[in-house]
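So the sequences go chain by chain: A and B. For the first sequence, counting from 1, position 360 maps to 360 in this note's numbering; every step adds exactly one. For the second sequence, counting from 1, position 88 maps to 88 in this note's numbering; every step adds exactly one.
Calculated from the structure, these hints are not laboratory results. You may find that some hints are simply not true.
[Stated by the list, open to error] Calculated pairs, BS3-like style, for lysine-lysine (alpha carbon to alpha carbon, straight line, at most 30 Å):
1) A:Lys105 / A:Lys85
2) A:Lys214 / A:Lys380
3) B:Lys220 / B:Lys24
4) A:Lys95 / B:Lys271
5) A:Lys380 / A:Lys12
6) B:Lys24 / A:Lys214
7) A:Lys12 / B:Lys220
8) A:Lys85 / A:Lys95
9) B:Lys220 / A:Lys214
10) A:Lys172 / B:Lys80
11) A:Lys12 / A:Lys214
12) A:Lys105 / A:Lys95
13) A:Lys12 / A:Lys376
14) A:Lys376 / A:Lys214
15) A:Lys85 / B:Lys271
16) B:Lys263 / A:Lys95
17) B:Lys220 / A:Lys380
[Claimed, not checked] Here's a subset of chain B near chain A, in silico, CB distances under 7 Å, partners left out:
18) Thr127
19) Val129
20) Asp134
21) Arg150
22) Pro175
23) Ser179
[Said to hold, decoys possible] What the simulated footprint calls covered on chain A by chain B, stretch by stretch (three residues with Cβ under 8 Å from a Cβ of chain B suffice, anywhere in the stretch; the number is not a length):
24) 110 to 120
25) 168 to 176
26) 181 to 187
27) 295 to 304
28) 340 to 353
Glycine residues also receive a C-beta, built at the ideal position from the N, C-alpha and C atoms.
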Amino acid sequence: MNLRRIGAVAWKEWRETIRDRMFVLLAFLLPVSWMLVFGYGLVQDVEDIPFAVVDHDHTSLSRDYVYRFIGSRYFSFHGYIPGEKEADALLQRGKIRVAIIVPEKFEEQLLRAQSVGIQTLIDGTFPLRTDIVKGYVIAINGAFTSERLVAYLSHRRGISVEEADVLAHPVKVEVRYLYNEEVRSTWSMVPALVMFTLMVSSPLLTALGIVREKETGSIYNIYSSTVTRFEFLAGKLLPYVAISSVNAGILWLIGTQWFEVPFKGSLPFFLAASVVFVLSSTGIGLLVSLLVRTQIAALVITMVASMLPTILFSGLIVPVSSLSRGSQFQAHLFPGMYFTNIVRGTFLKGVGVEVLWPDICALALYALVLRSVGYKLFTKRPRS
Amino acid sequence: MKPARPLSQRLIVWMRRLMVMTRKELLQLSRDIPIGLLLVYSFTVAVYVTGNGIRSQLHNASLLVLDNDHSFSSRELIHKFRDPFFRLEGEISDPHEGLRLLDRGRAMAVFEIPPRFHEQLVTGQPTAVQLLVDTTNSAQGLSAASYAVRIVSQFEQATVLARLGSADTSPQNFPVVESDHRVWYNPEQNDAWFESISHLLRQITIFSILLPAAALVREKERGTVEQLLVSPLTPFQIMLPKVLAMTVVILFATSVALFGIMKPAFGVPVKGSIVLFFSLTAVFVFSTAGMGLAAATLTRNQAQVGMMTLFVVAPMLLLSGLVAPMEALPPWTRHLMMLSPLRYFIEIANGILLKGSNLSVLWDSVLAMVVLGSGLFAFGVWQFRRQFE
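The whole structure should be built from the sequences, with the hints applied where relevant.
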């Protein structure tokens, strides 16, 4: 091993990369622009769900009930419609997601202290949204019901409203939200986006950079030179690891300064962990680049192999603990999951190496295994 | 000057050139083994794994219980937290242990029942239970809290009505509004339907942008595009076969995924017309391919194409309504995504497969997609011609 030769290869790679002006622009611009676009765009607070009402009762109480939905910021009122048929048509065209059907004698039955049923039709094409909508409907309905019940009890038993309230609601639920006290979607998305951006951009840069050499044929210069396999791979990867590590710092700055996400952990630990992560994610790029000959194949394979598992299995959207067994296994095979633990841990939980050491070890192991496999697969005497 | 040939003959020549070029593209693609393998994987194994594994709703949220009462009521309440929403991870005896396990990400929530819970409940005194939720993933945290509140209030209502009912009247005779939900198009809220369809749409999008774009840039890089340009082919005749060949391949892969995986394994219904679904898929592939080609004409090598498409593909995949519902996105994103053909194709695919919609319902989405697609395609051809003539 000769450090000067590694340096020479790295220097050559660096020159090549920065001379492709677009490549440089994209290498640094892409992570930043993703961070901004997704940081603003991927807010997951479901609001303004369009709904329509079929009111068969037309009484002040039915209007009061519907008004609870109109006044809520979670729903946006599309209008009253005459019947179920119109509700069907609107649901099918995606103009509304919910239809509320108030039955006849709604007011009459409630005033006679009888229970009544309200039917809601919910569009089920997007299960997550359906679930959230159901939750909102139940909450609004529950508030209405409990008011009626309290009013009824206080009237019936001749007690004050407060006493009736205790009678009707003996159990209070105190919910404490930890780590993200105001439950801001941005706070939970932005740290995960640091992971997503690094996870997709760094393997891609690496794979393209190496395959470029194969495709242009300049790799034959390497084959015939005195540079050893190890020196070539080390020198080749150095610029990409450096670029991605710098990006990790830039993304951290955007997260904390621009999106004002709190960073409760230790910055040196975060940066060190990022370098370990970058070492393992560029390893994926290295592996892909050794298996394929064309840049297009490298591109498509890296994208499919890094982007989709990251969207699906890294904890970005769905926590790993909620996945099925098979998918959990897959999740553990990709480095994204471990780094998600690290970014969310350092940003929001304020934990450090004492808690996150298993994740660091996993990433280091990952980097090591990928490097060794890459080293084994790379040969200066290619077949054909 | 040559006499002009009759129209029918020119048309035959035109079609023949198209056929020959399409065949060339297909051959070239079939010899690229890594891409072939990837296509097979993406439209079979990946669709199955995603449909089988991803649960977007709260599912199996791991819950720790701190029961300070150990009574009949506390146990009854705890047992209401169960599948599919919660998974009881175990009991703890020390509040600090709960916090520590939350720190480590071993549990998502800790549910605490106070001492004398049963006693207070029976004697009609107010009491309070506590829930600690990890909200590092805000959507899931909120969802867990809302389910927990729902479970407790059901428990509460049952006990209250039972107690009051015995003193007053029968439990039905209270002025309560029962909320009855009917979920349409996916009555069981089967995640596998949604996730497998979404995944199929993601794969179609990625491949239909990347394959034609890469094919075009590869010719530019290798210089074979010069050969094509000196041939009697027009720029349109060079670009169209590339898109055509990829469309054929993608449609075939889609049918494999739909009829080989999604229908038999998950029972995804095909309520509408299958012919309509495939024709509109073809239109979608054309639209997105036009986008890829436009990107390809602006770049010189494949590495650049890759980076360019990443600017377009990733936002399209994440913001068009497959990962987060459209209603969850801020208004500017919703407006921006009017430019994404995928946004319309999601409406169309879900409409045909799940809702059984036909053209009379979907016409506006189809129109938007066609207008966008032909615009992008025309832009690509125009760029291409400008570069080489």
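Consistency of the hints with the structure:
A hinted pair counts as satisfied when its Cα atoms are at most 30 Å apart, and A:Lys105 with A:Lys85 qualifies at roughly 21 Å. Between the alpha carbons of A:Lys214 and A:Lys380 the distance comes to roughly 12 Å, so the proposed pair stays at or under 30 Å and holds. For the suggested pair B:Lys220 and B:Lys24, the alpha carbons sit about 16 Å apart, so the restraint of at most 30 Å is met. In summary, the hint linking A:Lys95 to B:Lys271 is supported, as the alpha carbons are separated by about 20 Å, within the 30 Å threshold.
Distance hint between A:Lys380 and A:Lys12 is fulfilled; the C-alpha atoms sit about 19 Å from each other, no more than 30 Å. Using a Cα cut-off of 30 Å, the hinted pair B:Lys24 and A:Lys214 holds, with the two alpha carbons roughly 24 Å apart. A threshold of 30 Å between alpha carbons decides the hint, and for A:Lys12 with B:Lys220 the separation of about 25 Å falls inside it, so the pair holds. About 14 Å separates the Cα atoms of A:Lys85 and A:Lys95, which keeps this hinted pair within 30 Å; it holds.
Of the supplied pair hints, the one linking B:Lys220 and A:Lys214 holds, its CA atoms being roughly 17 Å apart against a limit of 30 Å. At most 30 Å may separate the alpha-carbon atoms for a hinted pair to count; A:Lys172 and B:Lys80 meet this at roughly 16 Å. A C-alpha spacing of about 15 Å is found between A:Lys12 and A:Lys214, which places the hinted pair at or below 30 Å, so the restraint holds. For the proposed pair A:Lys105 and A:Lys95, the alpha carbon gap of about 29 Å is at most 30 Å, so the pair holds.
Between A:Lys12 and A:Lys376 the alpha-carbon distance is near 23 Å, which keeps this suggested pair within the 30 Å criterion. For a cut-off of 30 Å, the pair hint linking A:Lys376 to A:Lys214 stands: about 17 Å separates their Cα positions. Between A:Lys85 and B:Lys271 the CA atoms are separated by roughly 19 Å; this keeps the pair inside 30 Å, and the hint holds. The suggested pairing of B:Lys263 with A:Lys95 holds, with an alpha-carbon distance near 28 Å, which does not exceed 30 Å.
Between the alpha carbons of B:Lys220 and A:Lys380 the distance comes to roughly 29 Å, so the proposed pair stays at or under 30 Å and holds. Evaluation of the B:Thr127 hint against chain A yields a held restraint, the C-beta minimum of about 6 Å falling below 7 Å. At about 6 Å, the closest approach between the beta carbon of B:Val129 and any beta carbon in chain A falls short of 7 Å, and the interface hint on this residue holds. Taken as an interface hint, B:Asp134 checks out: its beta carbon lies about 6 Å from the nearest beta carbon of chain A, inside 7 Å.
For B:Arg150, the interface hint holds, since its Cβ comes within 7 Å of a Cβ in chain A; the closest pair sits about 6 Å apart. Hint status for B:Pro175 relative to chain A: holds, with the closest Cβ pair at about 5 Å, below 7 Å. Annotation: interface hint on B:Ser179 holds; nearest CB of chain A at approximately 4 Å, less than 7 Å. For the segment 110 to 120 of chain A, the stated coverage by chain B holds: 10 residues have a C-beta nearer than 8 Å to a C-beta of that chain, and at least 3 were required.
Counting residues of the segment 168 to 176 of chain A whose CB falls under 8 Å from any CB of chain B gives 9; the rule of at least 3 is met. Against chain B, the segment 181 to 187 of chain A contributes 5 residues with a C-beta closer than 8 Å to a partner C-beta. That satisfies the three-residue criterion, and the hint holds. For a cut-off of 8 Å, the count of residues in the segment 295 to 304 of chain A with a CB near a CB of chain B stands at 8, and the three-residue condition holds. Taking a C-beta to C-beta cut-off of 8 Å, the segment 340 to 353 of chain A contributes 6 residues in contact with chain B, enough for the three needed, and the coverage statement holds.
In this structure, every one of the numbered hints holds.
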